[in-house]
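Q: So the sequence lines, in the order shown, correspond to chains L and S. So for the first sequence, our numbering puts the first residue at 167; every next one is plus one. So for the second sequence, our numbering puts the first residue at 167; every next one is plus one.
Hints may be right or wrong, so weigh each one.
Since the list gives no way to pick one copy over another, a pair counts as held whenever it fits inside one copy or between any two copies.
Using 30 Å as the maximum straight-line C-alpha spacing, the simulated DSBU-like pairs for lysine-lysine come out as follows [claimed, not checked]:
| no. | residue 1 | residue 2 |
| --- | --- | --- |
| 1 | LYS333 | LYS443 |
| 2 | LYS199 | LYS278 |
| 3 | LYS473 | LYS350 |
| 4 | LYS245 | LYS278 |
| 5 | LYS278 | LYS171 |
| 6 | LYS390 | LYS249 |
| 7 | LYS478 | LYS338 |
| 8 | LYS350 | LYS443 |
| 9 | LYS278 | LYS200 |
| 10 | LYS278 | LYS249 |
| 11 | LYS198 | LYS278 |
| 12 | LYS245 | LYS443 |
| 13 | LYS396 | LYS443 |
| 14 | LYS390 | LYS478 |
| 15 | LYS245 | LYS350 |
| 16 | LYS245 | LYS224 |
| 17 | LYS224 | LYS249 |
| 18 | LYS171 | LYS224 |
| 19 | LYS224 | LYS278 |
None of these hints come from the bench; they were simulated from the model.
2 protein chains.
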Amino acid sequence: MTNIKDLARMAGVSVTTVSRVLNNHPYVREDKKKAVLDAVRTSNYHKNINAVHLSKGKTFLMGVVLPFSDHPYFAQLLKGIAKQALENNYKLVLFQTSYIESRELEALEMLKLKQIDSLIICSRTCDFAMIEEHLTFGPIVLCEDLHGKNLSATYVDHYRIFYEALKYLHSKGHSRIGYCIARKSGTNSQKRMSAYRDFLHHSQLPYNPEYLMDDCLYFQDGEKVIRQIKEMITPPTALLVTSDQVAAGIFTCCQREQISIPDDLAIIGFDNEPIAKMMNITTVEIPLVEMGKNLFLQAISEQVSNKEMSAKLIERGTA
Amino acid sequence: MTNIKDLARMAGVSVTTVSRVLNNHPYVREDKKKAVLDAVRTSNYHKNINAVHLSKGKTFLMGVVLPFSDHPYFAQLLKGIAKQALENNYKLVLFQTSYIESRELEALEMLKLKQIDSLIICSRTCDFAMIEEHLTFGPIVLCEDLHGKNLSATYVDHYRIFYEALKYLHSKGHSRIGYCIARKSGTNSQKRMSAYRDFLHHSQLPYNPEYLMDDCLYFQDGEKVIRQIKEMITPPTALLVTSDQVAAGIFTCCQREQISIPDDLAIIGFDNEPIAKMMNITTVEIPLVEMGKNLFLQAISEQVSNKEMSAKLIERGTA
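With the rest of the complex left out, here is chain L:
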């Protein structure tokens, strides 16, 4: 069987160069890299990379925990992570959890077992204590603001963003404002809830639990929202919708039902996806791809860092 010395001889390079090429090191001259790869092909050499990982204690695999890979919010985050992974010769191991805790724990377990080098958790159900327990096994990076904790994170200030969007709707004359959200639990959702409560309190507006609609994730959930609103005795006149997908679904459903936007119902979406631009939906731009890139860089860094990204309201025709 061909070994690394044979390859070096065949390619006319040093053993170190062969090793670099096999391990995807950057900074190998292109002609040398080609010679090595030709030798690998000719000799049909193959190593068992698990042996290499065992000796190095590194896999160049990064875990990514996300509830749904088919939702545009997470797909955009993943896109940013994948772009940066590619530049750094990392592969991604995907944990699609549907917010089932045991699947999150599996990812943490893989970190513990050194099957992945680090872990990005885009959204979670498990307690922070569970994550904290696993920090000794490798970097874990989160997509939420956890000030004072000993791990890296990239996030936007959901409290401030939500508060400002509510103020904007209020300034346009709305006092019955509702919001649509994926789920009520989760750090980010709790921050939005605080912003909503504080806003109502400061504006001396009553709290109506009907106005908080959860389980809104996809385009088709827009239909459910409109159904719920039509059943209310005093329906909201404006909605903050934490996904442009859902906002677009609401918009489409309103067109069909002859509900005039923004006159009967004003909408502000979130993320600034292309669909929001094309449908002329007012939205809050969240730099998801950039956030994904930063999450990756934090996950390969030895340093703990916190990065807040900025979001901005994009005024269009629906609010």
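Put chain S on the given structure of chain L with help from the hints.
A: Same frame as chain L, but now just chain S:
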């Protein structure tokens, strides 16, 4: 350092049971499993799983090659693959290639290096010969019809589906029919092209190269399609659009530009995504999640199999 015998003693179970729990075997009694996991936690035991994989020659990692993870077509396939992976205790390693060949080769290389057990290629740029070269290293499964080749595949009959959709539009009085596609190359696109040419030939209709619009993937590409059509001297009166996303984008753009659908322009989408249902877009249903599930099962099987899934035209308001 704690070893597996210590764990067995602590948990009051056999070494075999500990081994089963650590390796995620099914059929371990819940109480025994809990005892082992408690012992693992108390002792802070952790194995280096790369050593286990080295001894077993199996990683329980499956590679998935797809050009764009943020496109609904691939996101749905991935959803099916992920569902089935979960049931079989596999993790997915994602190769987001943007149709760059070297990234596909990296995935094949990982199979060769035994870093993944098998590989699902949802769509590709590389030659089939390159795939064939790697078949000895583990199962490779494709999402295209490659009759007579020695590997498994799950697919729909793109030739027949396209031909029938064209006939449908023709029966509604259209003789200037165009189509929008992600890319011109690729096995599936070539089959659609054959169907298109054969249809024109049999119906004695002229071929107009302008009517073939490629690089249409996302919702926002609908705008580009309408721009192109408006510049044509004899524009098509009907379009087959190989993604509901793009069809929805065309639909939205037409509403804004006061182009009446289906009178000025008929549209048939593909996939039957929720957006097509909500916008009442006529479409061809492709069972993507089911296809994904089957791709996974083929990738863990020793047997080579070919599975054709059926698609069906769903008549709605746009054609």
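Q: Let me make sure I understand: some of the numbered hints might not hold for this structure. Which ones are they, in numerical order?
A: none
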